[in-house]
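Engineer: Starting from the given sequences, assemble the full structure and let the hints guide the process.
Quick mapping for you: the protein sequence lines, in order, are chains A and B.
Residues in the first sequence are numbered from 55 upward in steps of one, following the numbering used here.
Residues in the second sequence are numbered from 977 upward in steps of one, following the numbering used here.
Keep in mind that a hint or two might mislead.
[Claimed, not checked] Now the in silico label distances, taken between C-beta atoms and shown as ranges:
(1) A:Q228 with B:F1162: 48 to 54 angstroms
(2) A:L98 with B:T1115: 32 to 38 angstroms
(3) A:T247 with B:G1141: 56 to 62 angstroms
(4) B:G1141 with A:L256: 31 to 37 angstroms
(5) B:N978 with A:Q190: 46 to 52 angstroms
(6) A:V101 with B:T1156: 53 to 59 angstroms
(7) B:D1082 with A:M202: 45 to 51 angstroms
(8) A:Y109 with B:F1162: 52 to 58 angstroms
(9) A:Q198 with B:A1174: 46 to 52 angstroms
(10) B:L1170 with A:N140: 26 to 32 angstroms
(11) A:T127 with B:K1024: 21 to 27 angstroms
(12) A:K302 with B:P1218: 27 to 33 angstroms
[To be verified] Derived pair list, reagent style BS3-like, types lysine-lysine, alpha-carbon separation capped at 30 angstroms:
(13) B:K986 with A:K258
(14) A:K258 with B:K1085
(15) A:K327 with A:K258
(16) B:K1109 with A:K103
(17) B:K1023 with A:K144
(18) B:K1036 with A:K180
(19) B:K1023 with B:K1036
(20) A:K180 with B:K1023
(21) B:K1081 with A:K180
(22) A:K251 with B:K1081
(23) A:K327 with B:K1085
(24) A:K302 with A:K115
(25) A:K251 with A:K144
(26) A:K115 with A:K251
(27) B:K1109 with B:K1049
(28) A:K144 with B:K982
(29) B:K1036 with A:K251
(30) B:K1023 with B:K1033
(31) B:K1081 with A:K258
(32) A:K144 with A:K258
(33) A:K302 with B:K1036
(34) B:K1081 with A:K327
(35) A:K251 with A:K327
(36) A:K103 with A:K115
(37) B:K986 with A:K146
(38) A:K251 with A:K103
(39) B:K982 with A:K146
(40) A:K115 with A:K327
These are calculated hints, taken from the structure and not from any lab test.
Positions of the beta carbon are idealized from the N, C-alpha and C atoms, including for glycine.
Residues per chain are reported as follows:
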Amino acid sequence: MKVKSSYIPYFLILPAFAYLLFFVGYPLVQALYTAFTQNGQFSLATVRKTFADPYFWDALKYTIALAGVIVPTQVGLALILALAVNRAFKGKDFTIYALTIPLTISDVAAGLIWYSMLSPSGFLNKLLLNIGLIHQPIYFFGYQYRHMEFLAIVLAELWRATSIVFVIILAGLQMISHEYLEAAEVFGADYWTRLRKIVIPLLKPSIQSALIIRTLFAMQIFGIVWILAGRDIPILAGEGFYRLTELKEYDVASIYALVIAGLSILLGALYIKFMKAEYLEVRR
Amino acid sequence: MNDETKFMLKRLAFYTFIFTVVAWIIIPIIISTLYGFALPRDYYDPKKIFPTSFTVKYVKTLLFTLGALDGIKNSVIVALITIAISFALGIPAGYAVAKFIFPGKDTIKLSIVALRMFPIPVMAIPLVILYIKLNLIDTLLGVALAHTAMALPFVVLITSSIFAGVSTELEEAGMVFGLTRLGSFFRITLPLALPGLAAAAMFTFVMSWNEVFVASILTLSHRTLPAQILSIMAGASGGAAPDYYKFAAAFIMIIPAITFIFFARKYLVTMWGITLK
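Structural biologist: Encoded structure:
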């Protein structure tokens, strides 16, 4: 019941809020402290050390490049799929089920699955060899094939994470009232006009929330890259992980964490500037 | 070309497209499952696209010798603790957001959403230092606490939309007939919200089950399944384990995911507003 009440709701929210604030606030303060002090004194030594490392700039470059290739492709693909599926046809249920399977597959598992597709003795190579399309296996893995590794990561990530975009956009599509579309049809608008003038504008909130979710997650891409390419393709989260677990450099790892945070805050701010906050919510 | 041929061609193109997409999703899963049980000689034979002889040897080795079974156990424990804590904290908050009007509500909702966007590596890396101080490093509770931070905003938003869906009149009726607010919550709202809450719990489970970064950083000897698999399968230079162990690992990891989505698909999609018709 909607009741005006002075303290009860705050009292109910407080524990969750305090918990979240602690797990976001404490790490942030700790990371800033670790990154910018040495022996208790303010120091930029760690920052200089990190920026002098070519891996840092490669990681920044590759993280942005991967996001730049993957996210727009995913959104475009998911839009086409959602539009295709949002009508009655034979096998619709199964198609939607199949398209949502990757929702629950982890990035590590997706990396391993795509390794079995693309490795030198993997499915794709054997298939193409036997059809006679190629005479030598295509090599996707190994430092000297870094461009192919990049492609493999893109393929695997498209396979794994397009479904979440698909689900968000399909949910948005189903909320569009049929009356608008029927009215447009009565007035003689063809499919493309309806799509451009009605469906896409009404779908904007869904597309935007899919964009923000995917871009922010792309900044922390890790498991799939680590499985398929290791450090051949350096990425921010992977370098932070490597610095922390292999070299025990807490300070450098903290800088990586802060860079990811900075990028995410920047992107989040940009998105929020261009969209209304309520679109972020998970809707029923 | 008359209209009927045009129509048929369009239909054909549509079904070809759908078929291609479904094949694109499903074939990799089938192939990695087949390879997970293939004999290495079949796998390395360039003439054999599909393996014909099978063995459970590599899946078994992975489970019992390389510690995947312990990983599964740890993953389940972490996920259950995560569900317990994030629901204990998240349900009251979700209820408050759904059923009360109060100043600052929108700000609070927005901050919860913003906290959900907080990147995992940023949380995990500095937590190591705190966990060493608190003796939480390399414990399942430690991982679960971090996973809770990841899952909690989601639980608040989902539960609030579930509670908002439970009719207010029913609650009011309960209170008219003498139940307290708390009583009417436990006797009326909670039972009605239960299916939705179960779905949210399943989704939380999957989130925790799939998470690898936090788990890899915060544990060494008590690893969850993805962290365990990651450390066996990939070193810093990539590609540490032999191919057939990778396939076996993929198989072990996707079985729960596929089973889960098969049982939960109804809820999974309704949570995002889709009704399968």
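Engineer: So, for every hint listed, does it hold in this structure?
Structural biologist: Right, here's what the structure says about each hint:
1. A:Q228 with B:F1162: 48 to 54 angstroms: violated, 34 angstroms
2. A:L98 with B:T1115: 32 to 38 angstroms: At roughly 35 angstroms between Cβ atoms, B:T1115 and A:L98 fall inside 32 to 38 angstroms, so the hint holds.
3. A:T247 with B:G1141: 56 to 62 angstroms: For A:T247 and B:G1141 the Cβ distance comes to about 36 angstroms; the hint is violated.
4. B:G1141 with A:L256: 31 to 37 angstroms: violated, 23 angstroms
5. B:N978 with A:Q190: 46 to 52 angstroms: At roughly 48 angstroms between Cβ atoms, A:Q190 and B:N978 fall inside 46 to 52 angstroms, so the hint holds.
6. A:V101 with B:T1156: 53 to 59 angstroms: holds, 57 angstroms
7. B:D1082 with A:M202: 45 to 51 angstroms: Given about 48 angstroms between the Cβ atoms, the range holds.
8. A:Y109 with B:F1162: 52 to 58 angstroms: holds, 55 angstroms
9. A:Q198 with B:A1174: 46 to 52 angstroms: For A:Q198 and B:A1174 the Cβ distance comes to about 50 angstroms; the hint holds.
10. B:L1170 with A:N140: 26 to 32 angstroms: Since B:L1170 and A:N140 have Cβ atoms about 30 angstroms apart, the given range 26 to 32 angstroms holds.
11. A:T127 with B:K1024: 21 to 27 angstroms: violated, 33 angstroms
12. A:K302 with B:P1218: 27 to 33 angstroms: 29 angstroms Cβ-Cβ, so the 27 to 33 angstroms window holds.
13. B:K986 with A:K258: holds, 28 angstroms
14. A:K258 with B:K1085: holds, 22 angstroms
15. A:K327 with A:K258: holds, 15 angstroms
16. B:K1109 with A:K103: Distance of about 26 angstroms is within 30 angstroms: holds.
17. B:K1023 with A:K144: violated, 36 angstroms
18. B:K1036 with A:K180: holds, 27 angstroms
19. B:K1023 with B:K1036: This hinted pair holds, its Cα atoms lying about 27 angstroms apart.
20. A:K180 with B:K1023: holds, 7 angstroms
21. B:K1081 with A:K180: violated, 58 angstroms
22. A:K251 with B:K1081: Given pair A:K251, B:K1081 is violated - Cα atoms ~35 angstroms apart, limit 30 angstroms.
23. A:K327 with B:K1085: Holds, at about 17 angstroms.
24. A:K302 with A:K115: holds, 24 angstroms
25. A:K251 with A:K144: holds, 28 angstroms
26. A:K115 with A:K251: Violated - the C-alpha atoms of A:K251 and A:K115 are around 37 angstroms apart, more than 30 angstroms.
27. B:K1109 with B:K1049: holds, 26 angstroms
28. A:K144 with B:K982: holds, 19 angstroms
29. B:K1036 with A:K251: violated, 57 angstroms
30. B:K1023 with B:K1033: holds, 23 angstroms
31. B:K1081 with A:K258: Distance of about 25 angstroms is within 30 angstroms: holds.
32. A:K144 with A:K258: Distance of about 29 angstroms is within 30 angstroms: holds.
33. A:K302 with B:K1036: violated, 34 angstroms
34. B:K1081 with A:K327: holds, 21 angstroms
35. A:K251 with A:K327: OK: A:K251 and A:K327 at ~24 angstroms, within 30 angstroms.
36. A:K103 with A:K115: holds, 18 angstroms
37. B:K986 with A:K146: holds, 17 angstroms
38. A:K251 with A:K103: violated, 53 angstroms
39. B:K982 with A:K146: The given pair, whose Cα atoms are some 22 angstroms apart, holds under the 30 angstroms limit.
40. A:K115 with A:K327: Between A:K115 and A:K327 the Cα gap is close to 25 angstroms, so the pair holds against 30 angstroms.
Comparing the model with each earlier hint shows violations of hints 1, 3, 4, 11, 17, 21, 22, 26, 29, 33, 38; every other hint is respected.
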